[in-house]
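Chemist: Spelled out from the first residue to the last, the chains are:
2 protein chains.
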Amino acid sequence: MPRYALLVEYDGTPFVGWQRQSSGLSVQQVLEEAAASLNGGVPAPTMASGRTDAGVHAAGQVVQISITLDLAPERLREALNFHSRPHPVSILRAARAPDGWSARFSCVGRGYRYRILNRRARPALDAGRVWHVQAALDAEAMHRAAQALLGRHDFSAFRAAACQAKDALRTLDRLDVTRQGDEVVVQTEARSFLHHQVRNMVGTLAQVGLGRRPVEWPQQLLEGRDRTLAGQNAPAEGLTFLFARYREPLDWR
Amino acid sequence: MPRYALLVEYDGTPFVGWQRQSSGLSVQQVLEEAAASLNGGVPAPTMASGRTDAGVHAAGQVVQISITLDLAPERLREALNFHSRPHPVSILRAARAPDGWSARFSCVGRGYRYRILNRRARPALDAGRVWHVQAALDAEAMHRAAQALLGRHDFSAFRAAACQAKDALRTLDRLDVTRQGDEVVVQTEARSFLHHQVRNMVGTLAQVGLGRRPVEWPQQLLEGRDRTLAGQNAPAEGLTFLFARYREPLDWR
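Residue numbers (my numbering), protein chains in the order written: chain A, 22 to 274; chain B, 22 to 274.
Among the hints, erroneous ones may be present.
Stated by the list, open to error - To be clear about the criterion: a stretch of chain B counts as covered by chain A if any three or more of its residues have a C-beta under 8 Å from a C-beta of chain A, and this derived list gives those stretches:
(1) 109-119
(2) 138-144
Stated by the list, open to error - Label pairs and their in silico Cβ distance ranges:
(3) B:P64 with A:R165: 47 to 55 Å
(4) A:P35 with B:G245: 46 to 54 Å
(5) A:G130 with B:D91: 57 to 65 Å
(6) B:S123 with A:V129: 47 to 55 Å
(7) B:G45 with A:S213: 45 to 53 Å
(8) B:A182 with A:A148: 33 to 41 Å
(9) A:A186 with B:P235: 54 to 62 Å
(10) B:R106 with A:R165: 52 to 60 Å
What the hints assert, rightly or not - If we take Cβ atoms under 7 Å as the criterion, some of the chain B residues that face chain A in the derived model are:
(11) E30
(12) Y31
(13) D32
(14) N102
Treat the hints as calculated values from the structure; they're not laboratory data. All C-beta atoms in this analysis are idealised placements derived from N, C-alpha and C, irrespective of residue type, glycine included.
Taking the hints into account, I'd like the entire structure generated from these sequences.
Modeler: Quick look at the structure:
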């Protein structure tokens, strides 16, 4: 069966997350059912470069999909965009997948952005897109604290209790915190992340930004490897999956 | 009665516009009713620096409000944010208004941003925030065409049929068109605008961007002063009221 890659944008708000679950509608279900008409009437199997939790958004999720029809990528993109309406899921590009390519296992880099709205008044225009923190955050202190987490470490302190990864060794390539007006933006990149790692790191850095913990605290947590001590898991709605990187370039259409 | 200035952000999607109307909920009604508890139980009168139509957003609308209570601006801001929930209206700042100050008549500059999402796939993350144009737009041609509209002119060609202004003479200070990835962004500034002027200018520039009309067309329309000939009134959802400028600085809290 021909395999394709899809570059997908979605608003995570109405979904139970990327992955199919009996508890409600997932992005995966929307895509697989949108593809049914191209797949002999049955949902087409998909896999994402990285699963996202309920409420987490994506600007550049990469998904593999296998369908029985042999189609030009442009036609697949248009057909999926037509059949996925009116859900907030949009296929930006499609490509024929190279032999042996996997959206998940061929992926060599993943990037996320986390947005904190740091002001007294609640968000009106960006509701559902930001974590609203009312007390003033020191973004520079957060950035300094973040730099101690770069490199190869056991990130047990920042993984979810439910995390299913075999080990917690990960290499963090980027964790930048910058202030942009009323917003504090965290940008991070790694080959892969543990479940809840980004949101746990952001929640921990926020404690530093609020002045409740010293700049050295995130590094101490990292070295302690105890996942019960980190800051709160920052809310899903501030997080966006930005990109997935592959060694071989895909021929996006 | 003490008069205050409010700096207000709102998502225009669920509203019939800024102004009170019998046809549905307006931003004005939300604010006036939120202030009732500070005004002897009756809605407090407001006026905005510029009315916005149904679906138009604001990141920095300025509103005057008069209430019977004499309050610190911080307390007014917090009270209005509390009582305006859960509507997507947020009071960013409040200030005591100087004597004789009017949000509308003291305003000496208004700024808007118009966002066009220019790609094949429909918006998922920015649905309701952008005008979706699928065919490729030449943003440079739009920018060149726009420059011919700068300065003091009779803008009859770009006013709404229902526009109530006594004359159509306006001075356009800025009309910049730039491409930012998949987006074409129009930024404009003037002392004041006619009803629908920004959306009519954007709709007209889009015809140039699509190559359907020459770069000289907007200037020809301007000189012809015939409001039946301009491009379509671009959809409300792409438009955001960004700021109102005043001669005397307000002491925002």
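Chemist: Confirm or reject each hint.
Modeler: Results for each hint:
no., hint, in the structure
1, 109-119, "holds (count 5)"
2, 138-144, "holds (count 5)"
3, B:P64 with A:R165: 47 to 55 Å, "holds (49 Å)"
4, A:P35 with B:G245: 46 to 54 Å, "holds (47 Å)"
5, A:G130 with B:D91: 57 to 65 Å, "holds (58 Å)"
6, B:S123 with A:V129: 47 to 55 Å, "violated (60 Å)"
7, B:G45 with A:S213: 45 to 53 Å, "holds (48 Å)"
8, B:A182 with A:A148: 33 to 41 Å, "holds (34 Å)"
9, A:A186 with B:P235: 54 to 62 Å, "holds (59 Å)"
10, B:R106 with A:R165: 52 to 60 Å, "violated (36 Å)"
11, E30, "holds (4 Å)"
12, Y31, "holds (5 Å)"
13, D32, "holds (5 Å)"
14, N102, "holds (6 Å)"
Going down the numbered hints, you'll see the structure goes against 6, 10, while the others check out.
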